[in-house]
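**Student:** Each chain is listed here by its residues.
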Amino acid sequence: MAIEVRIPTILRTYTGGEKAVAGDGGTLADVLVDLDSRHPGLRDRIVDDKGLRRFVNVYVNDEDVRFMGGLETAVKDGDTVTVLPAVAGG
Amino acid sequence: MRYDSLVDSVGQTPLVGLPRLSPSADVRLWAKLEDHNPTGSIKDRAALFMIDAAEKDGLLSPGATIIEPTSGNTGISLAMVARQRGYSLVCVMPENTSIERRQLLEMWGASIVFSAAAGGSNEAVRVAKGIAAEHPDWVMLYQYGNAANTRAHYETTAPEILADLPSITHFVAGLGTTGTLMGCGRFLREHVPGIEIIAAEPRYGELVYGLRNLDEGFVPELYDASVLTARFSVGPAEALLRTRELVEQEGIFAGISSGAILHAALGAATKAVEAGVRADIAFIVADGGWKYLSTGAYGGTLEEAAARLEGQLWA
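For the record, the sequence lines run as chains A and G. Heads up: the first sequence is residues 26 to 115, going by the numbering used here. Heads up: the second sequence is residues 5 to 319, going by the numbering used here.
Be aware that one or more of the hints could be misleading.
In silico negatives: residues of chain G with every beta carbon more than 12 Å from chain A [what the hints assert, rightly or not]:
1. V20
2. G62
3. P66
4. T69
5. G113
6. V117
7. P140
8. W142
9. A204
10. R207
11. F222
12. Y227
13. G280
Facing chain A, a subset of chain G residues (Cβ under 7 Å, in silico) [unchecked claim]:
14. T274
15. K275
16. Y302
17. L306
Cβ-to-Cβ under 8 Å is the rule here; a few derived chain A residues that face chain G [unchecked claim]:
18. R31
19. P33
20. R79
21. L109
22. V112
23. G114
No lab work stands behind these hints, which were simulated from the structure alone. Cβ coordinates follow ideal geometry from the N, Cα and C atoms, glycine included.
This is chain A alone, in the form it adopts within the complex (with noise of 0.2 Å):
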């Protein structure tokens, strides 16, 4: 068993159209790095060198990182990751 990486539409470009891949790591952060491997190019459009990009949430089991550990919040196997681009409601 691996992490599922939930992919949304704008950045499947980077998966092949996959709209979820499997990444390994014991933080979100190894995850990207991880996934970077296979996908190049995909870590720099959902963190840039202050962390998580503004317009980016990812959630780690529908939880938003951001209130968890960040980027440095612990995965294992059976884990599903979610990136998602920020948008309005009201």
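The hints should help you fit chain G onto chain A, whose structure is shown.
**Tutor:** Relative to chain A, chain G alone:
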């Protein structure tokens, strides 16, 4: 209770316990029934405060035209207040919203400009800003950045909840403009040490996130992450399941976003039970289910209902 007019009756909504969905006598859930407001949603509070503030600041004069981007509920509330006060209202609304929202807006006298489904409310905001630029005499209240939106909840919603539930440990609400969570969250943090402020954010189908690039994402100007203690993304399947549990087990006929909020509230309840601690969890029922009947949310299997919501702005 007696009021001088309809707008004077906004707020003072009931807080009701959920005896069946609460896990134990020590961990209890409480629903703040915002569907009891005049147009049937929590947005009446923000709409009234924003119009009052604009009048006080001299932005609105008799006969003025208001323009606002909205997925529906704020527009409906603004339309009701605007008509009482003699203003015209133009709403910019995504086309993938329920038919009832359109019918209600038109009934209260608003005119509607539809924005493309792809991009959801982000696109409505973009279109509304463009129209406002072409009509400098129109007034955009701009719920995403208007401090009166947050203040409505700081001054009314949260004090009502605290008065009814002094033992509150968790507050859970939906995240759209972020006004409810920012206003209630700040007030409750000032009065209840250690309170948890939890956001439930609807997760829509892919069409809604169909932005051209990530730089076109949107974070409301009102949003201050430091007010929250946790934020959850809730998909349509979970939202529908909880919406149905709410009506089947507690008799509360709520809109779909309230199901998403209940889902996050139940998550907090489970954690409290596991930790063996007492909890009084207040959550917002933002509106009733009436405006969503046409979506088929309340009939058939959950899978069928979730499929019907694909591509819709259901919160």
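**Student:** With reference to the structure, classify each hint as holding or not holding.
**Tutor:** Each hint tested on the structure:
In this structure V20 (chain G) is separated from chain A by more than 12 Å, as the shortest Cβ-Cβ distance comes to about 25 Å. For G62 (chain G), the non-interface assignment is confirmed: its Cβ lies about 25 Å from the closest Cβ of chain A, beyond the 12 Å cut-off. No beta-carbon of chain A comes within 12 Å of the beta-carbon of P66 (chain G); the shortest separation is about 27 Å. The Cβ of T69 (chain G) lies farther than 12 Å from every Cβ of chain A, with a closest approach of about 20 Å, so its non-interface assignment holds.
Here G113 (chain G) stays apart from chain A, with its beta-carbon at least about 20 Å from theirs, past the 12 Å limit. With a least CB separation of 16 Å from chain A, V117 (chain G) remains clear of the 12 Å interface cut-off, as annotated. Every C-beta of chain A lies more than 12 Å from that of P140 (chain G), the closest at about 24 Å, which supports listing it as non-interface. With a least beta-carbon separation of about 19 Å from chain A, W142 (chain G) lies farther than 12 Å from that chain, consistent with its non-interface assignment.
For A204 (chain G), the condition that its CB be more than 12 Å from all CB atoms of chain A is violated, with the nearest at approximately 10 Å. With a least CB separation of 7 Å from chain A, R207 (chain G) falls inside the 12 Å interface cut-off, contrary to its annotation. Not every CB of chain A lies more than 12 Å from the CB of F222 (chain G), the least distance being 5 Å, so the non-interface label is violated. Not every Cβ of chain A is farther than 12 Å from the Cβ of Y227 (chain G); the closest lies at roughly 9 Å, contradicting the non-interface assignment.
No beta-carbon of chain A comes within 12 Å of the beta-carbon of G280 (chain G); the shortest separation is about 22 Å. Hint status for T274 (chain G): violated, given a least beta-carbon distance of 13 Å to chain A, over 7 Å. Taking 7 Å as the C-beta contact cut-off toward chain A, the hint placing K275 (chain G) at the interface is violated, the least distance being around 11 Å. With a cut of 7 Å, the hint placing Y302 (chain G) at the interface with chain A is violated, because the nearest CB-to-CB distance is about 22 Å.
The beta carbon of L306 (chain G) comes no nearer than 17 Å to any beta carbon in chain A, farther than 7 Å, and the hint placing it at the interface is violated. At about 10 Å, the closest approach between the beta carbon of R31 (chain A) and any beta carbon in chain G exceeds 8 Å, and the interface hint on this residue is violated. Hint status for P33 (chain A): holds, given a least beta-carbon distance of 5 Å to chain G, under 8 Å. Interface restraint check: R79 (chain A) against chain G, minimum CB-CB distance 7 Å, threshold 8 Å, status holds.
With a least beta-carbon distance of about 6 Å to chain G, the hint placing L109 (chain A) at the interface is held under the 8 Å criterion. Among the interface hints, the one on V112 (chain A) holds; its C-beta lies about 5 Å from the nearest C-beta in chain G, closer than the 8 Å criterion. A distance limit of 8 Å between C-beta atoms decides the matter here; for G114 (chain A) the minimum to chain G is near 2 Å, and the interface restraint holds.
Hint check: violations occur at hints 9, 10, 11, 12, 14, 15, 16, 17 and 18; the rest are consistent with the structure.
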